[in-house]
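Undergrad: Sequence:
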Amino acid sequence: IMRYNGKFLCGRKLTTPPQLFLGAAVNPFAPPFDVRPIHLGKKIAAGAQFVQTQYCFDVPMFKTFMQKARDLGHTEKVFILCGVGPLASAKTAKWIRSNVPGIHIPDAVIK
659 IMRYNGKFLC
669 GRKLTTPPQL
679 FLGAAVNPFA
689 PPFDVRPIHL
699 GKKIAAGAQF
709 VQTQYCFDVP
719 MFKTFMQKAR
729 DLGHTEKVFI
739 LCGVGPLASA
749 KTAKWIRSNV
759 PGIHIPDAVI
769 K
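In terms of our numbering, the sequence shown opens at residue 659 and continues consecutively.
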(Lines of atoms letter the chains of each structure in order from A and count residues from 1; the text may use other names and numbers.)
(Lines give C-alpha, C1' and ligand atoms only; values in the text may rest on other atoms or scores of the structure.)
Protein backbone atom coordinates (compact mmCIF):
# COMPACT_ATOMS: atom_id res chain seq x y z
CA ILE A 1 0.00 0.00 0.00
CA MET A 2 1.44 3.35 -1.01
CA ARG A 3 0.85 4.94 2.39
CA TYR A 4 3.20 2.37 3.97
CA ASN A 5 5.95 1.91 1.42
CA GLY A 6 5.86 5.37 -0.18
CA LYS A 7 5.73 4.04 -3.74
CA PHE A 8 3.27 3.96 -6.60
CA LEU A 9 2.33 0.52 -7.95
CA CYS A 10 4.78 1.11 -10.82
CA GLY A 11 7.60 1.42 -8.27
CA ARG A 12 8.17 5.18 -8.53
CA LYS A 13 8.81 6.74 -5.11
CA LEU A 14 6.47 9.32 -3.64
CA THR A 15 8.08 12.45 -2.24
CA THR A 16 5.56 12.43 0.60
CA PRO A 17 3.52 9.28 1.30
CA PRO A 18 -0.17 10.09 1.86
CA GLN A 19 -1.41 10.26 5.43
CA LEU A 20 -4.73 8.47 5.06
CA PHE A 21 -7.07 6.90 7.61
CA LEU A 22 -8.90 4.31 5.53
CA GLY A 23 -12.47 3.30 6.20
CA ALA A 24 -15.04 0.90 4.86
CA ALA A 25 -18.72 0.14 5.19
CA VAL A 26 -19.97 -2.95 6.96
CA ASN A 27 -23.50 -4.29 7.16
CA PRO A 28 -24.09 -6.55 10.17
CA PHE A 29 -27.80 -6.84 9.37
CA ALA A 30 -27.69 -8.33 5.86
CA PRO A 31 -28.04 -12.08 5.47
CA PRO A 32 -26.23 -14.35 5.81
CA PHE A 33 -25.55 -12.91 9.27
CA ASP A 34 -22.88 -15.39 10.33
CA VAL A 35 -20.69 -14.38 7.35
CA ARG A 36 -20.68 -10.64 8.15
CA PRO A 37 -17.86 -10.79 10.74
CA ILE A 38 -15.78 -12.78 8.24
CA HIS A 39 -16.37 -10.09 5.59
CA LEU A 40 -15.25 -7.52 8.15
CA GLY A 41 -11.97 -9.42 8.50
CA LYS A 42 -11.42 -9.20 4.75
CA LYS A 43 -11.92 -5.43 4.85
CA ILE A 44 -9.42 -5.15 7.69
CA ALA A 45 -6.92 -7.26 5.73
CA ALA A 46 -7.42 -4.90 2.77
CA GLY A 47 -6.37 -1.94 4.93
CA ALA A 48 -9.50 -0.59 6.62
CA GLN A 49 -8.70 1.16 9.88
CA PHE A 50 -12.31 1.97 10.70
CA VAL A 51 -15.70 0.77 9.54
CA GLN A 52 -19.16 2.27 9.76
CA THR A 53 -22.29 0.16 9.87
CA GLN A 54 -25.67 0.67 8.30
CA TYR A 55 -28.17 2.30 10.67
CA CYS A 56 -28.61 0.13 13.74
CA PHE A 57 -32.11 -0.23 15.11
CA ASP A 58 -31.77 -3.79 16.42
CA VAL A 59 -29.40 -3.67 19.40
CA PRO A 60 -29.52 -7.41 20.22
CA MET A 61 -28.61 -8.26 16.62
CA PHE A 62 -25.76 -5.74 16.70
CA LYS A 63 -24.51 -7.19 20.01
CA THR A 64 -24.33 -10.62 18.37
CA PHE A 65 -22.32 -9.19 15.47
CA MET A 66 -19.97 -7.38 17.85
CA GLN A 67 -19.41 -10.51 19.95
CA LYS A 68 -18.41 -12.45 16.84
CA ALA A 69 -16.16 -9.57 15.75
CA ARG A 70 -14.52 -9.61 19.20
CA ASP A 71 -14.11 -13.39 19.09
CA LEU A 72 -12.28 -13.06 15.75
CA GLY A 73 -10.02 -10.30 17.12
CA HIS A 74 -11.38 -7.64 14.78
CA THR A 75 -12.10 -5.10 17.51
CA GLU A 76 -8.38 -4.97 18.31
CA LYS A 77 -7.56 -4.01 14.72
CA VAL A 78 -10.27 -1.60 13.60
CA PHE A 79 -12.59 1.06 14.99
CA ILE A 80 -16.27 0.15 14.54
CA LEU A 81 -18.73 3.04 14.28
CA CYS A 82 -22.34 2.02 14.74
CA GLY A 83 -24.61 3.89 12.33
CA VAL A 84 -27.34 5.83 14.12
CA GLY A 85 -29.91 8.28 12.92
CA PRO A 86 -33.44 9.50 13.53
CA LEU A 87 -36.57 8.06 11.99
CA ALA A 88 -39.00 10.79 10.96
CA SER A 89 -42.08 8.62 11.46
CA ALA A 90 -43.37 5.07 11.70
CA LYS A 91 -44.34 5.33 8.04
CA THR A 92 -40.76 6.21 7.11
CA ALA A 93 -39.45 3.33 9.22
CA LYS A 94 -41.76 0.88 7.46
CA TRP A 95 -40.65 2.17 4.07
CA ILE A 96 -36.96 1.86 4.99
CA ARG A 97 -37.49 -1.66 6.33
CA SER A 98 -39.20 -2.70 3.11
CA ASN A 99 -37.01 -0.89 0.58
CA VAL A 100 -33.46 -0.45 1.91
CA PRO A 101 -31.46 -3.67 1.76
CA GLY A 102 -29.61 -4.66 4.90
CA ILE A 103 -31.45 -2.44 7.36
CA HIS A 104 -33.41 -4.33 9.99
CA ILE A 105 -35.99 -2.34 11.95
CA PRO A 106 -37.86 -4.40 14.57
CA ASP A 107 -41.61 -3.94 15.03
CA ALA A 108 -40.99 -2.59 18.54
CA VAL A 109 -39.05 0.36 17.09
CA ILE A 110 -41.81 1.15 14.60
CA LYS A 111 -44.48 1.09 17.31
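What the hints contain is simulated information worked out from the structure, not anything from laboratory work.
All values derive from a computational prediction rather than experimental measurement.
One should not assume that every hint holds.
[Stated by the list, open to error] Straight-line Cα separation of at most 25 Å, PhoX-like style, residue types lysine-lysine; simulated pairs:
hint, residue 1, residue 2
1, K735, K700
2, K721, K665
3, K721, K700
4, K726, K749
5, K721, K752
6, K749, K769
7, K721, K701
8, K701, K726
9, K701, K665
10, K735, K701
11, K721, K769
Undergrad: Each of the hints needs a verdict: does it hold here or not?
TA: A quick look at each hint next to the structure:
1. K735 / K700: Holds - the C-alpha atoms of K700 and K735 are around 12 Å apart, at most 25 Å.
2. K721 / K665: Outside the cut-off at roughly 40 Å; violated.
3. K721 / K700: Holds. K721 to K700 sits at ~20 Å (cutoff 25 Å).
4. K726 / K749: violated, 33 Å
5. K721 / K752: It holds: about 23 Å lies between the C-alpha atoms, which stays within 25 Å.
6. K749 / K769: Within the cut-off at roughly 10 Å; holds.
7. K721 / K701: Holds, because 20 Å separates the two Cα atoms, which is no more than 25 Å.
8. K701 / K726: Answer holds: K701 to K726 is near 15 Å, not above 25 Å.
9. K701 / K665: Given pair K701, K665 holds - Cα atoms ~22 Å apart, limit 25 Å.
10. K735 / K701: holds, 11 Å
11. K721 / K769: holds, 22 Å
Hint compliance for this structure: hints 2, 4 are broken, all remaining hints hold.
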